[in-house]
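Q: Residues per chain are reported as follows:
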Amino acid sequence: MSLYEVDHVSRRYGRVGAPGSVLAVDDVSLSVEPGQRLGIVGESGSGKSTLVRIMTALDPPTSGQIRFGGEVVSHRAERDLGGLRSSVQLVFQDPRSSLNPRMRVGAIVTEPLRSRLLRVSGEVPTDHRARLAEVLESVDLPLDVADRYPHELSGGQRQRVAIARALAPKPQVLIADEPVSALDVSVRAQVLNLVQDLVTANGLTLIMVSHDLTVVRHVCDTVIVMRHGRIEEQGPSEQVYRDPQSAYTRELLAAIPTFRVT
Amino acid sequence: MSPLLEVTDLRIAFGRSRREVVHGISFGLEPGERLGLIGESGSGKTVTALAVMGLLAENAYVSGSIRLGGRELVGLRDSELAPLRGDLMSMVFQEPMTALDPTMPVGRQVAEVLLLHQHLGHGVARGRVIEILAEVGLEDPERVADAYPHALSGGQRQRVVVAMALINRPGLVICDEPTTALDVTVQATVLNLLDTALDAVGASCLFISHDLAVVSQLCHRVLVMLDGEIVEQGTMSQVFTAPTHPYTQGLVATARIDAVAPGERLPTVEDFYARQAGR
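Keeping their order, the protein sequence lines are chains A and S. Using our numbering, count along the first sequence one by one with no gaps and you end on 262. Using our numbering, count along the second sequence one by one with no gaps and you end on 279.
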């Protein structure tokens, strides 16, 4: 059985015909199997982040349905979403805005464990200090960062904290929305290595959103290319990278800067 | 040929404790040349650019020498520097949404740069603005000139910022991560635009980025900065094919994700260069 089923999902912002009305996601269907590593690629405005927001029930679809583990999760009350919230965790693009600047790292990482919604789901670790030490170690951060504030850390360290927080409740699915595009090229490789190691070690299902097809090809086994809210192309990532069928995918690939030595 | 920009033993320190962040760097830039400045966040590349522009905060202490067209800039008062900014040298910032004033149509903002330095009638200025907006590849420049920044896309906004930087045909344009906030496809078009527009006005360019691949699209020569020092400099091909400093070797290796088999461990800078403890 598929872990995630996205069934003819659309999302419109604003009323049909109203000025500024946008069809951000347009009739998208896809499924994600346990252990799959799915990449979603596209430009700003292609609908990739909206799709992720719908899949995590942060935004309701205008039409269509999302099932997670066989259960419908779209249009459900927040109190019924405990299972989804503990099983699916998010890492965002910019850790400067996704981490609360007034909380210490320790409190940030254990916050999901203190959520009432997640505690009722049963599988969330109850020994917070032990779990904190465990996840900080797994992202290669020393335990003493737990007493620091996010602004005291470098960009790469902050993104590790965001990843540690996502791992804390032992999720099945990790969704990373542009996890390295706000980072320096020099720390990008470290964070990508870390994500790969963690996904393998914890048997996670990964959904990674990126505008960079080379990054997705490296980390993901399948890829979906989105444009104007629709799926433009999909397939095994190596195949899409080597032999893109759609002109748009070729354009995306050509735009990635490569060494040009004259 | 004498260099357009000559920086000698530049040191920058901040605050009462005078903590030094740039430790005596020297480099030069010939007329028409494009020089890349590479380094990670905190390496001192942006403060170096701001020192050249005279835009550092008041608690900054600058020593050494910065000569633009033979004229010493270090020690000048702001009232002496201001006439040079936007005229002889200009800057393209990273985030066009913060570089532009949200309450003013972009055409007026571009005209402002022109009118500050030249006595022109508003009609003439408007004509010049429309001209330069068309030159930076904006379709329907009349409409764009009357638009507010929020009504434009990220790529259009950055084109407007480039137009502002180029309208007085300065000798030196400093670009500080001009495409980092943009999408890959838009980045490619803006880099192309910079390439042709810099040539068209014959400007030299100091191009700051953390991304070697981006720098290689535009520059002939590159400086690598690390912890406030220049650790390597040379032509683009020297630095890529035979980097000598371990940090540069690491940068070159990490920049080539496509050269690594999918799923394999990516090389990191630390594989080549280990920071001293405490950093």
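Source of the hints: derived by calculation from the structure; they are not laboratory data. Model, not experiment: these values are computed from the prediction. Just so you know, even glycine gets a beta-carbon here, dropped at the ideal spot from N, CA and C. Hints are not guaranteed to be accurate.
[What the hints assert, rightly or not] Listed below are several chain A residues computed to face chain S (Cβ distance under 7 Å; list not exhaustive):
1. V16
2. E137
3. S138
4. V185
5. N193
6. L194
7. R217
[Claimed, not checked] Covered stretches of chain A, going by a simulated chain S footprint (3 or more residues, C-beta under 8 Å):
8. 202-215
9. 249-255
[Said to hold, decoys possible] To list a few chain S residues with every Cβ distance to chain A over 12 Å, as calculated:
10. S17
11. E30
12. G39
13. S41
14. M53
15. A60
16. L76
17. D78
18. H119
19. R126
20. E131
21. E229
22. L251
23. R265
Q: Now, for every hint given, state plainly whether the structure supports it.
A: Verification of the supplied hints:
{"no.": "1", "hint": "V16", "in the structure": "violated (23 Å)"}
{"no.": "2", "hint": "E137", "in the structure": "violated (18 Å)"}
{"no.": "3", "hint": "S138", "in the structure": "violated (16 Å)"}
{"no.": "4", "hint": "V185", "in the structure": "holds (5 Å)"}
{"no.": "5", "hint": "N193", "in the structure": "holds (5 Å)"}
{"no.": "6", "hint": "L194", "in the structure": "violated (10 Å)"}
{"no.": "7", "hint": "R217", "in the structure": "holds (6 Å)"}
{"no.": "8", "hint": "202-215", "in the structure": "holds (count 4)"}
{"no.": "9", "hint": "249-255", "in the structure": "holds (count 4)"}
{"no.": "10", "hint": "S17", "in the structure": "holds (18 Å)"}
{"no.": "11", "hint": "E30", "in the structure": "holds (16 Å)"}
{"no.": "12", "hint": "G39", "in the structure": "violated (9 Å)"}
{"no.": "13", "hint": "S41", "in the structure": "violated (6 Å)"}
{"no.": "14", "hint": "M53", "in the structure": "holds (23 Å)"}
{"no.": "15", "hint": "A60", "in the structure": "holds (21 Å)"}
{"no.": "16", "hint": "L76", "in the structure": "holds (33 Å)"}
{"no.": "17", "hint": "D78", "in the structure": "holds (30 Å)"}
{"no.": "18", "hint": "H119", "in the structure": "holds (41 Å)"}
{"no.": "19", "hint": "R126", "in the structure": "holds (29 Å)"}
{"no.": "20", "hint": "E131", "in the structure": "holds (28 Å)"}
{"no.": "21", "hint": "E229", "in the structure": "holds (16 Å)"}
{"no.": "22", "hint": "L251", "in the structure": "violated (6 Å)"}
{"no.": "23", "hint": "R265", "in the structure": "violated (6 Å)"}
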